[in-house]
Each structure stands twice: as C-alpha cells, then as structure tokens.
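Quick note, the sequence shown lines up with residues 177 to 277 if you use this note's numbering.
Check the hints yourself; a few may be wrong.
Simulated pairs of lysine-lysine, PhoX-like, Cα-Cα distance not exceeding 20 Å [what the hints assert, rightly or not]: (1) K196 to K207; (2) K204 to K220; (3) K220 to K209; (4) K196 to K220; (5) K220 to K207.
Worth flagging that the hints you see were computed from the coordinates, not collected in a lab.
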Amino acid sequence: RKFTFERIVEQGAWNWRIRKLGEQLAYKHLKLKFSNHLDFVSIKWENEDADVNLPYDILLIENGEVRFIEVQTTQSYNQQTIQLTVSQIEEIFKHEKNYSI
C-alpha cells in the first residue's frame, strides 16, 4: 500500500487520538485510585488542554513526593516497543526513582 501525504496525515491524527485517550484513561484511573486522598494528593494531566511538550504526561504529588508519569499507548496488544524522546530519557536518568512509564 502506497503512503500518500493524506494517509500520513490521517495516521498522525489517529496516533494523536490514541495517545490522548491513553493519557485520559491513566489520568482518570489515578483520580479514581486517589479519590479518598485528594487532601494529600495532587494529580495534573499536563496535556489535558494542549500538548505542552514536557518529558512526562502526568504530574502526581503524594504527601510532597513528586512522581513524573509518561503514558505510552499502542494500537495493538502485542506491540513490544515504545518510542521515547531524548528529553524523556534525560528525565528518566534525572528522576530515576520518581519517573514511571
């Protein structure tokens, strides 16, 4: 199958929707998980309104401890690779114990 400009744009839009749905699902899961502890927990979905190009998607602060969460989504259940940016890899090394994928 030939790759046309339109097909590439369409695939990019599909990937964006999948990524946003994955982030939304993770955010809602965390809000539900910590729903009884919101006095001690802050959960911020960084890309909720617009992509802000941070090396993580969700910032979770629990009892003053900061966690950086990168959400990775795929289009199939058996995809075994993910893509990380250089800034994401740098952030992993910078916050080894507080960075989750």
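| request: Hints the structure violates: just list their numbers, smallest first. | output: Failing hints: none at all.
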